[in-house]
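Protein chains: 4
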Amino acid sequence: MAGISLNGIFPPLPTSFNEEGALFQEMIRSNIERLCQYPLTGFLILGSNGELVMLSEKEKVMALEAAREAIPEGTLMLAGTGGQSTRETIWLTREAARTGADAAMVLHPFYYKGLMTPKALVAFYHSVADASEIPVIVYNMPANTGMDLDAPTILQIANHPNIVGLKDSGGNVAKMAQVTGQAGSDFQVLAGSAGFLLPALSVGAVGGILALANIAPRQCLDIMELFIRGDLKAARSLQQRMVAPNGAVTRRWGVPALKYAMDQLGLYGGPTRHPVQPLEKETKEQLTGILKEAGITTGLAS
Amino acid sequence: MAGISLNGIFPPLPTSFNEEGALFQEMIRSNIERLCQYPLTGFLILGSNGELVMLSEKEKVMALEAAREAIPEGTLMLAGTGGQSTRETIWLTREAARTGADAAMVLHPFYYKGLMTPKALVAFYHSVADASEIPVIVYNMPANTGMDLDAPTILQIANHPNIVGLKDSGGNVAKMAQVTGQAGSDFQVLAGSAGFLLPALSVGAVGGILALANIAPRQCLDIMELFIRGDLKAARSLQQRMVAPNGAVTRRWGVPALKYAMDQLGLYGGPTRHPVQPLEKETKEQLTGILKEAGITTGLAS
Amino acid sequence: MAGISLNGIFPPLPTSFNEEGALFQEMIRSNIERLCQYPLTGFLILGSNGELVMLSEKEKVMALEAAREAIPEGTLMLAGTGGQSTRETIWLTREAARTGADAAMVLHPFYYKGLMTPKALVAFYHSVADASEIPVIVYNMPANTGMDLDAPTILQIANHPNIVGLKDSGGNVAKMAQVTGQAGSDFQVLAGSAGFLLPALSVGAVGGILALANIAPRQCLDIMELFIRGDLKAARSLQQRMVAPNGAVTRRWGVPALKYAMDQLGLYGGPTRHPVQPLEKETKEQLTGILKEAGITTGLAS
Amino acid sequence: MAGISLNGIFPPLPTSFNEEGALFQEMIRSNIERLCQYPLTGFLILGSNGELVMLSEKEKVMALEAAREAIPEGTLMLAGTGGQSTRETIWLTREAARTGADAAMVLHPFYYKGLMTPKALVAFYHSVADASEIPVIVYNMPANTGMDLDAPTILQIANHPNIVGLKDSGGNVAKMAQVTGQAGSDFQVLAGSAGFLLPALSVGAVGGILALANIAPRQCLDIMELFIRGDLKAARSLQQRMVAPNGAVTRRWGVPALKYAMDQLGLYGGPTRHPVQPLEKETKEQLTGILKEAGITTGLAS
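Chains A, B, C and D supply the protein sequences, listed in that same order.
Using this note's numbering, the letters of the first sequence correspond one by one to residues 1 to 302.
Using this note's numbering, the letters of the second sequence correspond one by one to residues 1 to 302.
Using this note's numbering, the letters of the third sequence correspond one by one to residues 1 to 302.
Using this note's numbering, the letters of the fourth sequence correspond one by one to residues 1 to 302.
Just so you know, the hints here were simulated from the structure itself, not pulled from any lab data.
Model, not experiment: these values are computed from the prediction.
Honestly, I wouldn't trust all of these hints.
Copies of the same chain are indistinguishable here, so a pair counts whether it falls within one copy or spans any two.
Taking lysine to any residue and the SDA-like style, the derived pairs with C-alpha atoms no more than 25 Å apart in a straight line are [unchecked claim]:
hint	residue 1	residue 2
1	K113	S56
2	K281	T99
3	K284	T117
4	K292	Q240
5	K281	T297
6	K233	G8
7	K113	E69
8	K58	M147
9	K233	N144
10	K233	S127
11	K113	A244
12	K284	S30
13	K281	A123
14	K281	A97
15	K284	Q182
16	K292	H126
17	K113	I290
18	K119	P161
19	K233	Q182
20	K292	L226
21	K58	H274
22	K292	G184
23	K284	N144
Just chain A, with the same shape it has in the complex:
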């Protein structure tokens, strides 16, 4: 298991559906191709924005296959493979490896919250990592799971040669500082949202998996480049401008807003799976205003 470098920016690609609600593989490929004009390190397929939990077993594999066809060599494909049981997670992780994923991003089980003790969580990740041919990334997503992995548990999980990093979407940057400070130097932390990309970088994160990178890849890359160059003032100014549009397509209005924005910007957004509702007309207008004010208006080059 050679090292994998997660430095950089990854869009967590939404999964495309057609108007009948069926998987739309062509649009998955086409979105990837357009986004590939930016120097993105890779893509996450089947994350929360990829509606993993809305897909049948067969569709999950089909989405990964479609993505891999479009993601060029040298660009990483991360695959979301976490399920409620170790068994299901191992199955999908192996399917991901078979389709050519470079790493598995694994959300932990959370339905039986009271039973997900540190011991159970460590056992889960270590079993999956043992069974996986590709490196494993831990995924913490409190807003959806109702749980929040703490630093001691993450550090224990990290203590496995096939577990290479963490995507944390919770925004607790103090925790990220603790993890980057105490985990081995090859354990890589990724910000899970553009809302705290710069502060995460400031404490040692190596990049981010950012919903916003689907619609503002340039700006996400710029924050990171400005930070690396040491131009903190410019980085901060851009970071501040990205908080509102990022909030709009994540916590506030979620995947339907992200897809709507993609439609506006020349990518394919399309519908989300029911029962998630399409945006109200008024919300669409508010969203358009927020994107415009943040300078996310010109569309991606085609």
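Keeping the supplied structure of chain A fixed, place chains B, C and D upon it in accordance with the hints.
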């Protein structure tokens, strides 16, 4: 769609696995046969105790088939069929009807918490009810979902001819009173836990789907019979005694404790799916003590 | 410390302020006098509805003095005396005893949530009970404190000769069943809200301290009398009708709604202390409708 | 109301009590004098670490007076003055001004959580700011209040000439970025915990009010100086080392741990007010180890 009466007690049957973790259909049947010596109104298959979220698509159908073979005519089979998408839920609800389920108990989607507005939830339940050949029961389970359906939303959902009832596991009895008082008289509320069976009955619930009914069916039935007979003092005394053992096999130690207790009492419990951990030795001893103290010791007749 | 019987219904009296926001002792007395035409067991002064936390040290004592002047002998005066420190709580408990309170209802400290371990909570209650000349009642109020006393902690606290009961406003009736079942037979549990009065009685509560009893004392007393008489059907029907108006003057719109309703019904409500806002016009209309629909319209006899 | 600059580091001084639990003004002064050998911008008196909620009205004023005697001119004294009512808050804010405080740090009311709407919160802060002769700083402390002020509400509150800043202890750095980006340029944000000092600075915070600055003032100042100098690598390394000791004296073990550490380091810690419990022996040892590992061992010069 003729009426279905949910009056009475239903065990939410755990799904049996063998030592390798594979579905163990024979034990599903054997547990049902033993529990059928009690005048239970029916069984819930694939509830939270049935580890629905731990099963593959194929296993879900197999578990339902096994259960239906053992559940005699005249005893109801409720099938847990809720998934994160309307599409998946309709698929499994139809499979349940095909295997002979009498009603579907449908947990709402909860992964995208912020998007599960009342509008989305009502749309979800009404779409499923429209598509279902069998009656639909709403399922509220805050401890696992991190959401709590409120009375106005439930009342709106209830306003559909194919939605016949609610299982509420949250223990908010004031809400149950509001629902039983304001929903149509044919909307049936079931307590979701033996910890509040008697108080739920006092405000108009018609019965319960009770983990404890897997190991103490006699006591659960007795609470209900004493209540109906008007012997509140005896009902209360029994109810009070059931709170501790019920807590032990639900909130406190969950499915592994329920399965362990079944093993002790002559039923088949067996392992839970990973990463849920087996009980520690010390917990087993505590649990045994709690069951003993509550008089749940003699085992079920074989 | 002779026994005190808490059987029955207690309104937690709002504290009256005049239009300038100053304590209005005359109206405290006048409200009590009017409510005393009903066979209430007593009053709680300085509970959450009594805006305890909004009063200066001096005002707390003045409010208790005013109340005691109006509460006739034979009717109990409970005084809310819980503060964040043991020291402050003992001080106010002693002041309450001096003004003639029959018992102290003590909310636990909750500001330093992480430090309020079971050990700290037990130490707190036992120190207060040791120092108090009057019996102490434990008060659990999760919606305001952000904490929820669990049964084992309550049972440990209850194990003191000068701690005589519990008011639980959390609505977890399973917990109440556990406490009534396991505490000594002289430990008395009171429902903390009319929304779950009947279910609480069904598991052994002896009465309730009910915001609703300020505006619908007759109905609260009736639920209890019907329950005692064994007419569960009538009790349930009345209980169901009381859930909505009770919710309106508690969780939904709080003290300003309770005071507004009192104004409508011939008692003195008056303003709440800032920054709590007065009801919007639209809310007033909704509230009036809810009270009317529940039959709380005729006003209290004057 | 001339401008006040909050740039820099402020320890939120614990309030000293003697062994009988009485206010110990001499030790308040002595602690300040020792800490003043570091170039701290000022002190916060009567914050959460200052046990504001544990003090009587009189003691609050006495603590402020003692502090002012010791805090030299040119070093700022911030006074915690927030209460549950506007009235009480205005009273204490005026007392603070009278004793010589340079600004009031005002925690919002939180007991009636459901009633603390944005409208009520804005009204509260604006009333206090109108009545205050000294500038007002907003204080957000979710772990203690159970509420979390959001960016839109903060921005509305900030829109008052006498409200000059925010201390945010919640750690949501994305929110801080939004506030620093959208509030007027003279609105100053302070990190509320050393756990996220560097990330907060990276998005535009001007300093911090940090429990850790009571025991590791040098390190807190260094993080800030390294950041300003542009030596992010060294800043990050120091930030990472401070997460664990900071967590130990805040979220994990709280004020008793902070006071114990002060005792170890040559300052006066002393007891906390009951019912907060003193540290267990084992916790003391763990804490000593954590401080040592982080290099907080040599004590403050005397």
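Right, here's what the structure says about each hint:
no.	hint	result
1	K113 x S56	both (23 Å within a copy, 20 Å between copies)
2	K281 x T99	neither (39 Å within a copy, 43 Å between copies)
3	K284 x T117	between (41 Å within a copy, 17 Å between copies)
4	K292 x Q240	within (15 Å within a copy, 37 Å between copies)
5	K281 x T297	within (19 Å within a copy, 42 Å between copies)
6	K233 x G8	both (20 Å within a copy, 18 Å between copies)
7	K113 x E69	neither (37 Å within a copy, 32 Å between copies)
8	K58 x M147	neither (28 Å within a copy, 29 Å between copies)
9	K233 x N144	neither (33 Å within a copy, 33 Å between copies)
10	K233 x S127	neither (44 Å within a copy, 35 Å between copies)
11	K113 x A244	between (31 Å within a copy, 20 Å between copies)
12	K284 x S30	within (24 Å within a copy, 55 Å between copies)
13	K281 x A123	between (46 Å within a copy, 18 Å between copies)
14	K281 x A97	neither (41 Å within a copy, 38 Å between copies)
15	K284 x Q182	between (43 Å within a copy, 22 Å between copies)
16	K292 x H126	neither (45 Å within a copy, 32 Å between copies)
17	K113 x I290	between (36 Å within a copy, 23 Å between copies)
18	K119 x P161	within (18 Å within a copy, 42 Å between copies)
19	K233 x Q182	between (28 Å within a copy, 15 Å between copies)
20	K292 x L226	within (22 Å within a copy, 36 Å between copies)
21	K58 x H274	both (18 Å within a copy, 23 Å between copies)
22	K292 x G184	between (42 Å within a copy, 21 Å between copies)
23	K284 x N144	within (23 Å within a copy, 32 Å between copies)
Checked against the numbered hints given earlier, this structure breaks hints 2, 7, 8, 9, 10, 14, 16; the rest are met.
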